[in-house]
Amino acid sequence: MKVLIPSPLLSYTRNREVTAEGATLRELLADLDKRFPGIRFRVIDEQDRMRAHMRFFVNEVQVFDIDHGLRGTDTVCLIQALSGG
Amino acid sequence: MVRATKKQASLKKVSKKHSRRSVPRRVVLLVGTRKGAWILHGDAQRKAWRVDGPHFLGQTVHHMVLDPRDGRTIVAAVKAGHLGPTIYRSTNVGRTWKEAAQPPAFARAPEGEQGRTVDHTFWLTPCHANEPKAWYAGTSPQGLFRSEDGGNTWRPFSVINDDAQYRGWMGSPQDGTPDGPKLHSIIIDPREPLHLYFAMSGGGVHETWDGGKTFAPLVKGMDVVQGFDVNDVTMHDPHCVRMCPSNPDRLYQQNHCGIYRLDRPDTEWVRIGNKMPKMVGDIGFPMVVHPRDAHSAWVFPMDGRTVWPRTSPDGKPAVYGTDDGGKKWQRLDNGLPANQAWWTVKRQAMSADAGDPVGLYLGTTSGEVWATRNAGKRWACVARHLPEIYCVEAAEID
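Line by line, the protein sequences give chains A and B. The working numbering numbers the first residue of the first sequence as 4 and each following residue consecutively. The working numbering numbers the first residue of the second sequence as 1062 and each following residue consecutively.
Note that these hints are calculated values from the structure, not bench results. Ideal placement from N, C-alpha and C gives every residue a C-beta, glycine not left out. Please note: incorrect hints may appear among the correct ones.
[As the list claims (entries may be wrong)] Which chain A residues stay away from chain B? Per the calculated CB distances, all over 10 Å, these: (1) Met4; (2) Thr22; (3) Pro40.
[Stated by the list, open to error] Across the chosen pairs, the derived CB separations fall in these ranges: (4) A:Arg58 <-> B:His1446: 50 to 56 Å; (5) B:Gly1272 <-> A:Asn62: 51 to 57 Å; (6) A:Asn62 <-> B:His1102: 38 to 44 Å; (7) B:Ala1170 <-> A:Arg17: 31 to 37 Å.
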C-alpha cells in the first residue's frame, strides 16, 4: 500500500511516497523497517508507543492504535507535528 | 538492593604508557550543539582551526566522542527534535556517518506495566583499551547501556536500569534536570576494566568492582540542597565526575552543591570548592582534569544564587584552576569577555588536550568556542555563531 513519508524521515526513504505491506499498522511499520532500516525506532518507542510528535493517518483519518487493521488499498500517512524553535 | 563487592586490593599505579602522553599529534574539537555538530581541526600549533560542518544539521547532538583506541572512530549521540533518539558512527573522523542498527533502548516492560523510553543518549564513553570495540552509553531518563561492536548495536548493561532500589534513587522526572534526568560520567579504571563509576543527575555517584554485576553508591561527604536528607541517595546531584589519567585513584567532581575531590581507597568526598572566592561560589557543570598532573583541575563556575540563573556570575565568565588539588584556586579569565557576557558552559562542553602546555577548550551556551594553548593563561575565541553548545571534546588524530 501507499505510505507517505514526512521530510524528517526522507534520509531513510529518499522518497516522499513509498510502498509497504502489512495487515496492521504494526506489520506495516515492521515492513517499512525491513526496507528502510532504523525508521521504525524513530517513530515508535521501545514500548511500542507512538512517539510524542508522530501522527499516523489511514485514509486521512488519524489512528492511535498500532494494531489498527489495514487493507491493501489504504493510504497511510506519517505526519510529524513540528513545534518549538 | 544492589551491592558492590568490596575489594581492598590496592591497584598498581597506572603504567607510564597511560600516564605519559606525547605532545598532541593534531587536535580536533568535536562540538555538539542543539542543532548539529561541527568538527574543528587544529593546526600543529593549535592556533588556527578549520571548521568542518554542520553534521546532522537541525538535530541535537548531546555528546560526540573520538575513540582513543583507534584515533579515527567517532560515536555521536543524536536526536532530532521530534524523532526518536539514535546513534551515528564514523570510522573516518566524520567524513561519512552510519546510523546504529540498534540504538540504546530500555527493555520491554512486562504486560500491564509501564515501561521506560529512552528520550536521548546523553553520555558516551569508550571502554577499556583491552575491549577495543566496546562502548558505554548513559541516557535520559537514566539508563546504562553497552555496545560490543563499535556502537552499532546497544543493549541494557548491568542491573541498574530495572533494579527497584536504583529506580528509586533515580527519582521521578521531577527530580531530574529540566530536560530530563541524566546518567553521565561513566568512568573506566584504566588498571581494571571491571572497575567502573557512573553518576546520575540526580541519584548520586556509583561504583562497581565486578563489571556491573553489582553497584554501590559513593556519596559520603557530598552535600545536598539545604533541608534534604544527605543520606538519601536520590537527593545527590553530581554534575560531572572525572578521573585523573595520571592517578586513577583521584577523582574530581563538580556537583550541584560544590566541588569535590576523592582519593581512593577513601570513600568520603572532600569539598574543595570551599576555597573558591565566596562571591563566585563553587556551583557549575563541567570538571576538567590535567592529562599528566593529578593536582591540576579546572572548573567553570556559574551563578547558583536565588533562582539559579546558571549564567556566568555577574556576567563575567571565568575558568578557575587549581594546581594543588583544590587547596587554592586561580581565576583564569585573560581574553574572555570582561563583562556583560551571560553565557555558561554545560557539563560536556569543556575539555583538555594532551599538549604541553595543556590546551583547554570550552563551548558556550551562546555558541562560541574558546581555547587556550597555555592552561588558561590566555583565552581566544576560535568559533562563534554556532547553536547552543552541548559538548566540546578535544581529541588527537594523526
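How the hints compare with the structure:
Distance check on Met4 (chain A): its Cβ is at least 23 Å (rounded) from any Cβ of chain B, clearing the 10 Å threshold; non-interface status holds. Residue placement check: Thr22 (chain A) keeps its beta carbon more than 10 Å from all beta carbons of chain B (closest about 22 Å). Pro40 (chain A), annotated as away from the interface, has a beta carbon of chain B within 10 Å; the closest lies near 7 Å. At about 34 Å, the CB distance of Arg58 (chain A) to His1446 (chain B) disagrees with the hint of 50 to 56 Å.
A hinted range of 51 to 57 Å holds for the C-beta pair Gly1272 (chain B) and Asn62 (chain A), which are about 52 Å apart. For the pair Asn62 (chain A) and His1102 (chain B), the beta carbons lie near 51 Å from each other, so the given range of 38 to 44 Å is not met. A beta carbon spacing of about 34 Å between Ala1170 (chain B) and Arg17 (chain A) agrees with the range 31 to 37 Å that was offered as a hint.
The structure shown violates the earlier hints numbered 3, 4, 6.
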